[in-house]
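Protein chains in written order, with our numbering: chain A, 1 to 220; chain B, 1001 to 1698.
The hints are simulated quantities; they were obtained by calculation from the structure and are not laboratory data. You may find that some hints are simply not true.
As the list claims (entries may be wrong) - To be clear about the criterion: a stretch of chain A counts as covered by chain B if any three or more of its residues have a C-beta under 8 Å from a C-beta of chain B, and this derived list gives those stretches:
(1) 55-69
(2) 181-195
What the hints assert, rightly or not - Only pairs whose alpha carbons sit at most 27 Å apart, straight line, appear in this in silico BS3-like list of lysine-lysine:
(3) B:K1545 with A:K197
(4) A:K19 with B:K1173
(5) A:K40 with B:K1317
(6) A:K19 with B:K1594
(7) B:K1426 with B:K1173
(8) A:K113 with B:K1426
(9) A:K200 with B:K1427
(10) A:K200 with B:K1657
(11) B:K1378 with A:K197
(12) A:K197 with B:K1538
(13) B:K1427 with A:K19
(14) A:K19 with B:K1545
(15) A:K113 with B:K1427
(16) B:K1243 with B:K1341
(17) B:K1538 with A:K200
(18) B:K1317 with A:K113
(19) B:K1373 with A:K197
(20) A:K197 with B:K1173
(21) A:K200 with B:K1594
(22) A:K69 with B:K1317
(23) A:K73 with A:K123
(24) A:K197 with B:K1657
(25) B:K1688 with A:K73
(26) B:K1657 with B:K1594
(27) B:K1243 with A:K200
(28) B:K1688 with A:K19
(29) A:K113 with B:K1312
(30) A:K162 with A:K116
(31) A:K2 with B:K1657
(32) A:K200 with B:K1317
(33) B:K1594 with A:K197
(34) A:K78 with A:K200
(35) A:K116 with B:K1243
(36) B:K1597 with A:K200
(37) B:K1688 with A:K116
A virtual CB, placed ideally from N, CA and C, is assigned to each residue, including glycine.
Below, each chain spelled out in residue letters.
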Amino acid sequence: MKAAVIIFPGTNCDRETRKALELSGFQVDYVWHEWDSINKYNLVVLPGGFSYGDYLRPGAIARFSPVMKSVEKYTIEKQGIILGICNGFQILLEAGLLPGAMMKNDVGHFICKTVKLNVEPTKVFYKTKREVELYIAHSDGKYVADPKTVEELEKNGQILMKYVDNPNGSVHSIASIANVTFNVIGMMPHPERSSMKYHKNLDGLEIFNALKEYIHACDR
Amino acid sequence: MRVTDEFLRKFSMNLHEYEIIVEGLSREPNETELYIFSAMWSEHCGYKHSRRLLKEYFKIADENAGLVWIDNLGIAFKVESHNHPCAVEPFQGAATGVGGIIRDVIAMGARPIALLDSLHFAEPLSYTYEEVISGISTYGNSIGVPTIGGEVRFDPRYSKNPLVNVMAVGVVKREELRSARARGGGNVVVLIGAKTGKDGLHGASFASRQIDKNLNDRPSVQVGDPFTEKRLIEAMLEIVKLKSVIAVQDMGAAGILSSTTEMAERGGFGLDLYLDRVPLRENDMEPWEILLSESQERMALVVEKGATADVKAIANKWDLEFAEIGTITAGDLFRVFANGKMIASLPLSLVVKAPDFSREISSVYESSKEISKWTDHKIEGTLVNLLSDPTIASKRSVYEKYDYTVGGLTVREPGADAAVLYLEDKKGISLSLNGNARYTEVNPREGIKAVLMEVCSNVITAGGEPLGVTDCMNFGNPEREEIATQFYESVRGLSEGCELLGIPVTGGNVSFYNESEGVQIPPTPVIGVVGEVEDIQKIPFPYFKFDGDFVYLIGKHYVARNGASLYSKDHKNHKAFPEVDWNECAKVLDKVHKLIKEGLILSIHDVSDGGIAVSCAEMVIQSMKGVRISTDCHPFEEYPARFIAEVQVDKIEKFEKMLEDIEFTRLGTVEGNDFVWNNEVIDLSILKNAFEIFEEPK
């Protein structure tokens, strides 16, 4: 199974994301943001970081990168799964591929720590354990959406993870969502930071493994 | 030319220096040349008061950063100060401090993998404190280099001069290691990175004097752009793989001028610079401004003639400026061209060799011999006070603002004695950065050894074997004998300590003139150590773990009075440093390292600020596992090379046997849910609340 890790100028979680994906059995290529052929991949990952320095707004400039046109096409044609982690999630929101937006954390500054998350029993992560502990590392991780959207997300089972102790003020403690067709996924926590044997735990690897199984199931 | 006081002040030099220049040139220098000397002969660039001494005591390779090897991987590391900029503009000062030291590591060809910072403020939660931390967080997080350790310490004497020392650590493969030594006449000097503007003019000379509250020093502070830095990191890591790249250097203090001349001089070559070719951010720049600008995120390279196209292609890919701004020449001539004319022509060796202002001084300090005794039979009140002392209290609220896991290499987070990063196979590196002015002000020579022992102890408790040292020497005005003495004694002490432990000082930085408006900082040398962790699976815990395990003190039991935290509250710092058997200390460190390697220690924490009671409390707070201690040791006195260790019952025999020739004491056991000290029962939550005084309410 093939995965692409897209690199924008300012992306900084590319190497560990690649390593974690490889550990869960993906064949991984880096894709520079000016390239446009991503159709051969089963999974396309927009990793964390500060694309374009997060100037203006996180993800606001990266969404105009050439590769994002292909990402949009890939989504519409359902060629595979798109996963945005942290800054990647912010880019997907800015690009309108996921509903809602991100705001500054309620505490007003960057937070880096491990948080407990409830993994919702959706079709994406139906087999993983129900509570995981992953790192968050962001300034703008307060997920917001209008009440109707939030209601839809809840109703359709599009909320994939919720914070146990909401660290940033996200509506409904939302940490991860999917689009209505379940082929675009965004998450604020960093599973790649809990994937190597020397990490605090391997909950992140479990998330990637589940994703692989989900892609497998979609292909069938 | 008429040499007036005003004239000399304009070029930050004294008459003696001016005369040396005239003698060296056999003529009067022109204005551009005077600006060149004013920057290159500033204390910050020229190390006038320290160079001779550092050369004499440390064998430092003249490169961008220090280097130690773990198999075929080089660990490049260095600590540098950004004190002066932070005094006038704390946010940008701290941010550009991070940027600058990162580029020193990149210049070695290394990928930066960790940052540590040693911060000294007058008080917590002040404007300066918040802004410095925010500057580090904003810049470090954005460039994707984890900030994994350091310290934050407080003393009212840092009120006008906060200390911001940043240490960067990088990893480089042997074949990709790069030097800062130019060679080959005709080779090309290349500038890569950001455009050059008027920011940071006179930064070098500004950092070489006292801050004057009547002067507006703000324009001397540079402005950082982490997004450009991140692109520069990635571009440089591609560029250093090219065989045609001969030398690399960061453009730090005195910008284009110092970086290019130093590279040429190290290789024994001359240099021609063409300022018209430098990409500018603003049009109305004088040639000397272009030479001296400290605009950030720029690097200088020497590239083989005819081979610059590959470098340019990479710069273009990362959307960075690229310019061929000069040529390496045979001989010793440094020439600068602007607007088609030659505007300076100087012997390069004169430009880079600032005069030596060092002296021969030393001092003798009193030592305390009397055993320090604790007469009060209760400890709770003092213990709670010490745990909530800003210097000792938990820094979680600081380090959670830093991304300490980006890169995915973090094995051990901040909060313990030393952080650990993954390297390869089973290996890791442990890192620590500390100072302790309470020791170094009492006795700079002995105090710095105690600091060195502590930093090495930190590295050892994380399973590491210390490999090398970097130091940042923060002092007041070296023109005063008292300050010069403190500095000289510190250098001697560090040299003696390192020799004892068998580890080299690989590089560092000196920051003088940390005094203003009559307030001078205490002598504050800060030391960073890199250690090799042979097996990351064998790193002990930093906190108590299992009921029934034994708790030991490894190291000296009864100790003499020291500049301990206990005495800092009422500023009755003791005036004498204890007589320390440093050979014995070195033996303790070595033994503890071996015990950990043998797997005989389950948990360990070194005894530093606050003595053994605070150490035990810190081990309790992290796991909320109780402990019962009975001892007649002074609970709060401080002394180097002491550790609190938890040992499992089945390992006690082996453990005690290995310690045969070392002093150690069985203090008690891990048990229950309270902190019990000689039958005094203290509630864990009281200790936890005291220690976590700076944590934001949930």
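Do the hints match the structure? See the list:
1. Remark: the region 55-69 of chain A is not confirmed as covered by chain B, as 1 of its residues place a Cβ nearer than 8 Å to a Cβ of that chain, below the required three.
2. Under a criterion of three residues with beta carbons nearer than 8 Å to beta carbons of chain B, the stated coverage of the region 181-195 of chain A is upheld, 4 such residues being counted.
3. Annotation: proposed proximity of K1545 of chain B to K197 of chain A holds, straight-line Cα distance about 21 Å (limit 27 Å).
4. Between K19 of chain A and K1173 of chain B the alpha-carbon distance is near 19 Å, which keeps this suggested pair within the 27 Å criterion.
5. Simply put, K40 of chain A and K1317 of chain B have alpha-carbon atoms about 24 Å apart, close enough for the 27 Å limit, and the pair holds.
6. Under the criterion of a C-alpha separation no larger than 27 Å, the hint pairing K19 of chain A with K1594 of chain B is inconsistent with the structure, at around 33 Å.
7. Distance check on the hinted pair: K1426 of chain B and K1173 of chain B sit about 17 Å apart at the alpha-carbon level, within 27 Å; holds.
8. At roughly 25 Å between alpha-carbon atoms, K113 of chain A and K1426 of chain B fall within 27 Å of each other, so this suggested pair holds.
9. Proximity of K200 of chain A to K1427 of chain B is assessed by CA-CA distance (about 16 Å); at most 27 Å being required, the pair is judged to hold.
10. The suggested pairing of K200 of chain A with K1657 of chain B is violated, with an alpha-carbon distance near 33 Å, which exceeds 27 Å.
11. Proximity of K1378 of chain B to K197 of chain A is assessed by CA-CA distance (about 45 Å); at most 27 Å being required, the pair is judged violated.
12. About 13 Å separates the Cα atoms of K197 of chain A and K1538 of chain B, which keeps this hinted pair within 27 Å; it holds.
13. The suggested pairing of K1427 of chain B with K19 of chain A holds, with an alpha-carbon distance near 17 Å, which does not exceed 27 Å.
14. A distance of roughly 32 Å separates the Cα atoms of K19 of chain A and K1545 of chain B; the hinted pair therefore is violated under the 27 Å criterion.
15. A distance of roughly 24 Å separates the Cα atoms of K113 of chain A and K1427 of chain B; the hinted pair therefore holds under the 27 Å criterion.
16. Of the pairs offered as hints, the one joining K1243 of chain B and K1341 of chain B is violated, with about 34 Å between alpha carbons and a cut-off of 27 Å exceeded.
17. A threshold of 27 Å between alpha carbons decides the hint, and for K1538 of chain B with K200 of chain A the separation of about 14 Å falls inside it, so the pair holds.
18. Of the supplied pair hints, the one linking K1317 of chain B and K113 of chain A is violated, its CA atoms being roughly 34 Å apart against a limit of 27 Å.
19. The suggested pairing of K1373 of chain B with K197 of chain A is violated, with an alpha-carbon distance near 47 Å, which exceeds 27 Å.
20. Pair hint K197 of chain A plus K1173 of chain B holds up; C-alpha atoms about 24 Å apart against a cutoff of 27 Å.
21. A threshold of 27 Å between alpha carbons decides the hint, and for K200 of chain A with K1594 of chain B the separation of about 25 Å falls inside it, so the pair holds.
22. At roughly 20 Å between alpha-carbon atoms, K69 of chain A and K1317 of chain B fall within 27 Å of each other, so this suggested pair holds.
23. As the CA atoms of K73 of chain A and K123 of chain A are separated by approximately 23 Å, the hinted pair is consistent with the 27 Å bound.
24. Distance hint between K197 of chain A and K1657 of chain B is unfulfilled; the C-alpha atoms sit about 33 Å from each other, more than 27 Å.
25. Distance restraint check for K1688 of chain B and K73 of chain A: the Cα-Cα separation of roughly 54 Å exceeds the 27 Å cut-off, and the hinted pair is therefore not satisfied.
26. A threshold of 27 Å between alpha carbons decides the hint, and for K1657 of chain B with K1594 of chain B the separation of about 12 Å falls inside it, so the pair holds.
27. Of the supplied pair hints, the one linking K1243 of chain B and K200 of chain A is violated, its CA atoms being roughly 40 Å apart against a limit of 27 Å.
28. Between the alpha carbons of K1688 of chain B and K19 of chain A the distance comes to roughly 38 Å, so the proposed pair goes past 27 Å and is violated.
29. For the hint linking K113 of chain A to K1312 of chain B, the alpha-carbon distance of about 40 Å lies beyond 27 Å, and the restraint is violated.
30. A hinted pair counts as satisfied when its Cα atoms are at most 27 Å apart, and K162 of chain A with K116 of chain A qualifies at roughly 9 Å.
31. Distance check on the hinted pair: K2 of chain A and K1657 of chain B sit about 56 Å apart at the alpha-carbon level, beyond 27 Å; violated.
32. As the CA atoms of K200 of chain A and K1317 of chain B are separated by approximately 37 Å, the hinted pair breaks the 27 Å bound.
33. At roughly 25 Å between alpha-carbon atoms, K1594 of chain B and K197 of chain A fall within 27 Å of each other, so this suggested pair holds.
34. Taking the CA atoms of K78 of chain A and K200 of chain A, the gap is about 35 Å. The hint is violated against a cut of 27 Å.
35. Proximity of K116 of chain A to K1243 of chain B is assessed by CA-CA distance (about 48 Å); at most 27 Å being required, the pair is judged violated.
36. Only pairs whose Cα atoms come within 27 Å are accepted, and K1597 of chain B paired with K200 of chain A is accepted, the gap being roughly 21 Å.
37. Of the supplied pair hints, the one linking K1688 of chain B and K116 of chain A holds, its CA atoms being roughly 22 Å apart against a limit of 27 Å.
In terms of the numbered hints stated before, the structure departs from hints 1, 6, 10, 11, 14, 16, 18, 19, 24, 25, 27, 28, 29, 31, 32, 34 and 35, listed from lowest to highest.
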